[in-house]
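*Asks:* Please model the complete structure; the sequences and the hints are all you need to start from.
Protein chains in written order, with my numbering: chain A, 1 to 392; chain B, 1 to 307.
Quick caveat, the hints were computed from the structure, so don't treat them as lab data. In this text, a Cβ means the ideal position worked out from N, Cα and C, and glycines have one as well. Any given hint could turn out to be false.
[What the hints assert, rightly or not] Pulled a few chain B residues facing chain A out of the computed Cβ check, cut under 10 Å: (1) T35; (2) N39; (3) T74; (4) I229; (5) L236.
[Said to hold, decoys possible] Derived DSS-like pairs: lysine-lysine, alpha-carbon spacing no greater than 30 Å straight-line: (6) K237(A) <-> K24(B); (7) K57(A) <-> K204(A); (8) K50(B) <-> K87(A).
Read off the chains here:
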Amino acid sequence: MKKIVNLKYVGITITAFVIMYLFTFIPVNLGFFNPLKSALYDFDMNDLVFSKFTSDKNADTNVVVVNIGYLNRPQLAELITKIKSYKPKVVGLDILFKDNKEPVGDSKLQDAIALDGNTVIVNKLTAYNNQNQNYDTLITSISRFGNNAFSGYANLPSKDGSNLTTIRMFKPSAKFKDSTINSFAASVVKIFDKDSYNNLVNRKSDFETINYRGNVDKFYYIDGTNPDNLNNLDFIKNKIVILGFLGDYPVYRIFEDIFYTPLNDNYAGKTYPDMYGVVIHANIISMILHKDYINDLPTWIELLLAMLICYFNIVLLHFIKKKRVDLLSLTSLATKTVEFILILFIEMEILLNYNLKISITLILASIVLISDAEAIYEIIVEKLKSLKTKST
Amino acid sequence: MKKLFFTLALIVLYYNVSICGDMKFIILTANGSITLTRNSNATVAKVGEKIFDNDKLKVGKKSYLNLAYQDGKTLEIKSAGSYNTSKLITMVNSKKNSSAKKFSSYVLAQFVKSVDDLGDMKVTGSVERAVKPSIDYGTPYNTNILDPVVTLCWYPVSGNSYTVKLTDVSGNVLYSKQLSDTSITLNLQELNLSRDKSYKWSIKNNKKEKAITDTCKFHWLAKGTADSIKKSAGKLLKDIDKLDHSIKQTLLASFYSDNKLYIDMLEAYQRAIVLSPDNKTIKLLYYNALNKTGLTRTASSIKNQLN
Numbered sequence: 001m002k003k004i005v006n007l008k009y010v011g012i013t014i015t016a017f018v019i020m021y022l023f024t025f026i027p028v029n030l031g032f033f034n035p036l037k038s039a040l041y042d043f044d045m046n047d048l049v050f051s052k053f054t055s056d057k058n059a060d061t062n063v064v065v066v067n068i069g070y071l072n073r074p075q076l077a078e079l080i081t082k083i084k085s086y087k088p089k090v091v092g093l094d095i096l097f098k099d100n101k102e103p104v105g106d107s108k109l110q111d112a113i114a115l116d117g118n119t120v121i122v123n124k125l126t127a128y129n130n131q132n133q134n135y136d137t138l139i140t141s142i143s144r145f146g147n148n149a150f151s152g153y154a155n156l157p158s159k160d161g162s163n164l165t166t167i168r169m170f171k172p173s174a175k176f177k178d179s180t181i182n183s184f185a186a187s188v189v190k191i192f193d194k195d196s197y198n199n200l201v202n203r204k205s206d207f208e209t210i211n212y213r214g215n216v217d218k219f220y221y222i223d224g225t226n227p228d229n230l231n232n233l234d235f236i237k238n239k240i241v242i243l244g245f246l247g248d249y250p251v252y253r254i255f256e257d258i259f260y261t262p263l264n265d266n267y268a269g270k271t272y273p274d275m276y277g278v279v280i281h282a283n284i285i286s287m288i289l290h291k292d293y294i295n296d297l298p299t300w301i302e303l304l305l306a307m308l309i310c311y312f313n314i315v316l317l318h319f320i321k322k323k324r325v326d327l328l329s330l331t332s333l334a335t336k337t338v339e340f341i342l343i344l345f346i347e348m349e350i351l352l353n354y355n356l357k358i359s360i361t362l363i364l365a366s367i368v369l370i371s372d373a374e375a376i377y378e379i380i381v382e383k384l385k386s387l388k389t390k391s392t
Numbered sequence: 001m002k003k004l005f006f007t008l009a010l011i012v013l014y015y016n017v018s019i020c021g022d023m024k025f026i027i028l029t030a031n032g033s034i035t036l037t038r039n040s041n042a043t044v045a046k047v048g049e050k051i052f053d054n055d056k057l058k059v060g061k062k063s064y065l066n067l068a069y070q071d072g073k074t075l076e077i078k079s080a081g082s083y084n085t086s087k088l089i090t091m092v093n094s095k096k097n098s099s100a101k102k103f104s105s106y107v108l109a110q111f112v113k114s115v116d117d118l119g120d121m122k123v124t125g126s127v128e129r130a131v132k133p134s135i136d137y138g139t140p141y142n143t144n145i146l147d148p149v150v151t152l153c154w155y156p157v158s159g160n161s162y163t164v165k166l167t168d169v170s171g172n173v174l175y176s177k178q179l180s181d182t183s184i185t186l187n188l189q190e191l192n193l194s195r196d197k198s199y200k201w202s203i204k205n206n207k208k209e210k211a212i213t214d215t216c217k218f219h220w221l222a223k224g225t226a227d228s229i230k231k232s233a234g235k236l237l238k239d240i241d242k243l244d245h246s247i248k249q250t251l252l253a254s255f256y257s258d259n260k261l262y263i264d265m266l267e268a269y270q271r272a273i274v275l276s277p278d279n280k281t282i283k284l285l286y287y288n289a290l291n292k293t294g295l296t297r298t299a300s301s302i303k304n305q306l307n
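*Replies:* In structure tokens:
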């Protein structure tokens, strides 16, 4: 016990964390010069988990995704009417109708949307005010459609506001001119399952990590552009049907309304976007319905965990130093590699089995900084000793 | 009476339970040619259809099938072939790996990636011009059409020998012809094709194997929709009758654009330009329309006229 609890080791641990803390005050963005950082700018360690280890999630047969392709309004009206004839519980339209078009077609579409009173249509928030964290503008579909449906914003948070970064989170509700409005997914679930919706509201989260179930392969999919596919759809009854653009799925990808997600096969670096917006919404809806949220470990626990692991590494390092100093470099490298793999494995298991997200950045950074922290600690101790000697 | 009712209820329940109990898969996605054979009866497989023991699924070429097993796990099938239920069960069960096993396989794969992997240099530092479609099409790549007669055209390439191929969305060839012209007019009725369906077409240079167009698409609208659009077009022309002819054609082009009738749209712009050859605004609209419909080569040929 005496050998493990050592003030020096505690001092080195604290020094490592103080160094990391001080780094946060550096105003210059040194990352600009770091190509690795640039490549991994949009990389989250959990992406590796989603990309490589989650293919075994079950399908969610509550949700039906319908591709609208390039249907015009009269065709959309026909499609919606046909879908509604099978009595789904809610129909979500991931389509924004900003302008009036030809009156007859618009009229048919208006009737189709109004039918059964169970449609949710998207709108779009813009003009975000950083000071009061409100949006100032809400772009809606024209009133003849919007007034006959519920609504929810389709906005998804992304790092630089483009669809070239990975979509990992969603915002359940947002402030628009001091009132709170729901996201598209939340609005759909509110109609389908009040209990699940209330559960989401009670979490009071500003942002939720999307616990992706999968791509289109995890939901029912209907190609709405082919009328041959719209017969015998009795299974739609009481389900959630979301209509949106999926290009020519599953034949090839069209780069419209398509995003990067953690499920991308290339979890870091350059590749093609992998998921259409409507499927992202399907994933969010599925997560809310199943209450399958990913929770973050509280920061203080992450910090404590990082400090304990750092301390353990210092103890181990010094043990190896005492026993076989000649093998220190080799064993240190081997230990760090094994440890890294083990930490990643544990992180993965915790995320997959307990839906708990742990940021291992702090842990890994502290391990990397041990040698430098020890050197700085010894300099500080030497300085303090010499000051004490001078004063006596 | 009570006993009879109870017995009947039990029989119904048992029947339902045994049916539900035998359900192995449910179809989540069925794209292309997918056939379900049950008790020697073959039908087209549909989304939402349940698959039971002793069923057989036949997946055609370029088709895609996605199934959910009774435990919720999904199975995607992209290869053509016949699959009976027991084979499908074997396939879905073989996918089940614990996360620990997947993780260790992944880590091992990362470690054994060696320098030898660089020996087979599969990427080059150059572009292969032959791979890029080298025949430029002259008809919008994705359009609706009203009538059964459609003209497809393309730019000439050396050799002057082409094969035009028309397929359905699953890639089944419906029509093919060799010719030396750079256009072909098809009568879809004579080819016994149906309305309200999409068709794909491409052109190949017979003298140069890799020279092809992109695969283009058109959708022959249902009669009702086509008639409705024609009626609306007629009404529009009546409403704007007093306007200048070139403006009428421009507005008509816009109407066609809204209905994704891009061939008609471009023809309307061409008529407008003939009527007002000095009107740069119309030419600009035409130029934008060409780019929108993928006819960039045609667009670049009129770009000079805009300056």
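*Asks:* Compare the structure with each hint and give your call.
*Replies:* Evaluated hints:
no., hint, in the structure
1, T35, "14 Å, violated"
2, N39, "18 Å, violated"
3, T74, "5 Å, holds"
4, I229, "8 Å, holds"
5, L236, "9 Å, holds"
6, K237(A) <-> K24(B), "21 Å, holds"
7, K57(A) <-> K204(A), "27 Å, holds"
8, K50(B) <-> K87(A), "20 Å, holds"
Hints 1 and 2 from the earlier list are contradicted by this structure; the remaining hints agree with it.
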